[in-house]
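Chemist: Letter by letter, the chains look like this.
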Amino acid sequence: MDQFVFDAKKRWVLGGGMILGLLCLIITFFVDDQFHTRFWTNYLHNSVFFTGIAFISLFIIAAFTTALAGWSTLIKRIWEAYSLFMIPGLILMLVIVAGVWGHWHHLYHWADTAAVKEDQVLFGKSGFLNKYWYTFGTLIIVGAWIYFAMQIRKTSVAEDSNGPGEDFSYHRRIRTLSVIFLPIAGFSSAAMIWQWVMSLDAHWYSTLFAWYSAASWFLAAMALTILTVIYLKSQGYLPKVTADHLHDLGKYLFGISVFWTYLWFSQYMLIWYANVGEETIYFRERLDNYKPLFFLNLIINFVLPFFVLLRNDTKRKIGTMVFVSVAVFLGHWLDFFLMIKPGARITAMEAAAHHAGEAAHHVEHATPFAIGFSFPGILELGTMIGFLCLFLYIVFTRLTQASLTPKNDPYLEESLHHEVV
Amino acid sequence: MKHQKEVIYGLYDDEEILLRAVKKAQADHIEIMDVFTPFPVHGLDKAMGLEESRLHIAGFAYGLTGTLTAFLFMTWVFTRDWPIIFGGKPYWSVPSFIPITFEVTVLFAAIGMVVSFFTVCGMAPGRVNPTLDDRITDDKFCIAFNAAGAEEEERDRLRSFLSGTGASEVNMKTI
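For the protein sequence lines, the chains are S and R, in the order given.
According to the working numbering, the first sequence holds residues 1 to 421 in order.
According to the working numbering, the second sequence holds residues 1001 to 1175 in order.
One or more of the hints may lead you astray.
What the hints assert, rightly or not - Cut-off 27 Å, straight-line C-alpha distance, at most; resulting in silico cross-link-like pairs (DSSO-like, lysine-lysine):
#1 Lys317/S - Lys1046/R
#2 Lys1089/R - Lys240/S
#3 Lys1046/R - Lys233/S
#4 Lys1089/R - Lys291/S
#5 Lys233/S - Lys317/S
#6 Lys1046/R - Lys240/S
#7 Lys125/S - Lys233/S
#8 Lys251/S - Lys1046/R
#9 Lys240/S - Lys131/S
Hint data in this document are derived by calculation from the structure and do not stem from the laboratory.
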């Protein structure tokens, strides 16, 4: 079965999930504070998370192609489908961009012109943290990513129908595109993460942040890939994908989990050790007011995958892989929750105080426990399910548009005979 | 005087031929003493019916020993034996212990596994292990049968098995 069928039942289930997500977003909008902070942070959180998964899938294709990896060819079509979610992802992010221009939301402190004038730090950063760069970055950089995603996809699909070409010309073209894309992806993803996520804590910065959140995207994408592969296999697709392929995907989930922890800890320890007030404020806020999430993040994203996936045989069994993948996927969604909510909440509280006529620097940073900020509530979960269903709807539509097996890929034979142990 | 035995072995030129021969030996219920290859051959462990190595379980235990040694030692030093304040941090400041704990974990696991592996294989500095043929560390693949105490008829059967499955050379050696 090479042709994926996106039947009515699947469409209805995913459509229902999307409606649930939309409902949750609408309810959030109406139970919200005056700036609709909960609504906008939920929207930004999920848009960044799923657009990032799409981006990192293209990165995975490019990195594997450049490294001449053969084992992954059988599941390459899943990543191609993922990467094309960047097109709706760009539209989702453009709503945030429009919000910056139209002052619909108070997510970013640097978008507040009055605050930037009287704030030395924000003024100093205003060369990069401004609405022009934000718009340029989102439009041009994500646009460039989409260009590469579409070109790679087009070449890959053309290879299916036209054969490998003279001297594997199609594969060579994909490789050329990949090699050009990799450095662009490395630098531009950092810029986008700074703009989209890190600038929520506009006074704070960390040079490690881009790596750390890109690793988070990578793990979410890998966990979702494993779940998709297992789902497709349970439906009778991808018959040639064996426990050996699952084993290698599991190694990525394990290895990058350790890498993520390494980055998380490096960022934490350097800031903790140097003990500079401007830097420690980031962790101070999270340790004081977000303690359960802060430690849950480490347990679910490091301790759990580390000890479960340490053994060989757990990476080859569907049950343990589904369990770990679901946990890691939710874990990195929580990780982004913890990156986005605290900063945006403080910005909103300061803006509210400002509107009420108090001087902004007199605002106490005591942030009381509130569902939706200190811990994700039902509305957050529903919104995430809605975005996930939208993501899968687009992905399944893309999967129907090409054969699930890249028929003429020169590395297909290697992937078919992949053996790990 | 060490325990000596006679070994009949065949040298193959290619790992595919070797793999087929190993599978045939298993099917014919001929007991293989050992297989020597210059590099790991995929699927060979399965074909020989070898059990999974337990070395990694030992490795986990060594690593855990390293984790505990480093962490508890630093805890003891900085809270009981010689408490010093560094950079205004508390005596027992866990984040600063983690890099060293990690390093010692890796060190213990690595050295422990190397020593275990050497012990299990009977290797030690200065000790010379007999090799059947120097070329099995270069470009030849070897299947060895234990021929100690076997009748001449049995030895002929082993020799013909080796040459019949594509061995380029068949020899006997006492090691």
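Chemist: Next, verify each hint and record whether it holds.
Modeler: Now the hints, each set against the structure:
For the hint linking lysine 317/S to lysine 1046/R, the alpha-carbon distance of about 18 Å falls within 27 Å, and the restraint holds. Straight-line distance between C-alpha atoms of lysine 1089/R and lysine 240/S comes to about 56 Å, which puts the hinted pair past the 27 Å bound. Of the pairs offered as hints, the one joining lysine 1046/R and lysine 233/S holds, with about 25 Å between alpha carbons and a cut-off of 27 Å not exceeded. Among the hinted pairs, lysine 1089/R with lysine 291/S is consistent with the structure: their alpha-carbon atoms are about 20 Å apart, no more than 27 Å.
Simply put, lysine 233/S and lysine 317/S have alpha-carbon atoms about 13 Å apart, close enough for the 27 Å limit, and the pair holds. For the hint linking lysine 1046/R to lysine 240/S, the alpha-carbon distance of about 20 Å falls within 27 Å, and the restraint holds. Distance restraint check for lysine 125/S and lysine 233/S: the Cα-Cα separation of roughly 50 Å exceeds the 27 Å cut-off, and the hinted pair is therefore not satisfied. Taking the CA atoms of lysine 251/S and lysine 1046/R, the gap is near 21 Å; set against the 27 Å cutoff, the hint holds.
Taken as a hint, the lysine 240/S and lysine 131/S pair is broken in the structure, with Cα atoms around 49 Å apart against an allowance of 27 Å.
In summary, the structure is inconsistent with hints 2, 7 and 9 from the numbered list given earlier, while agreeing with the others.
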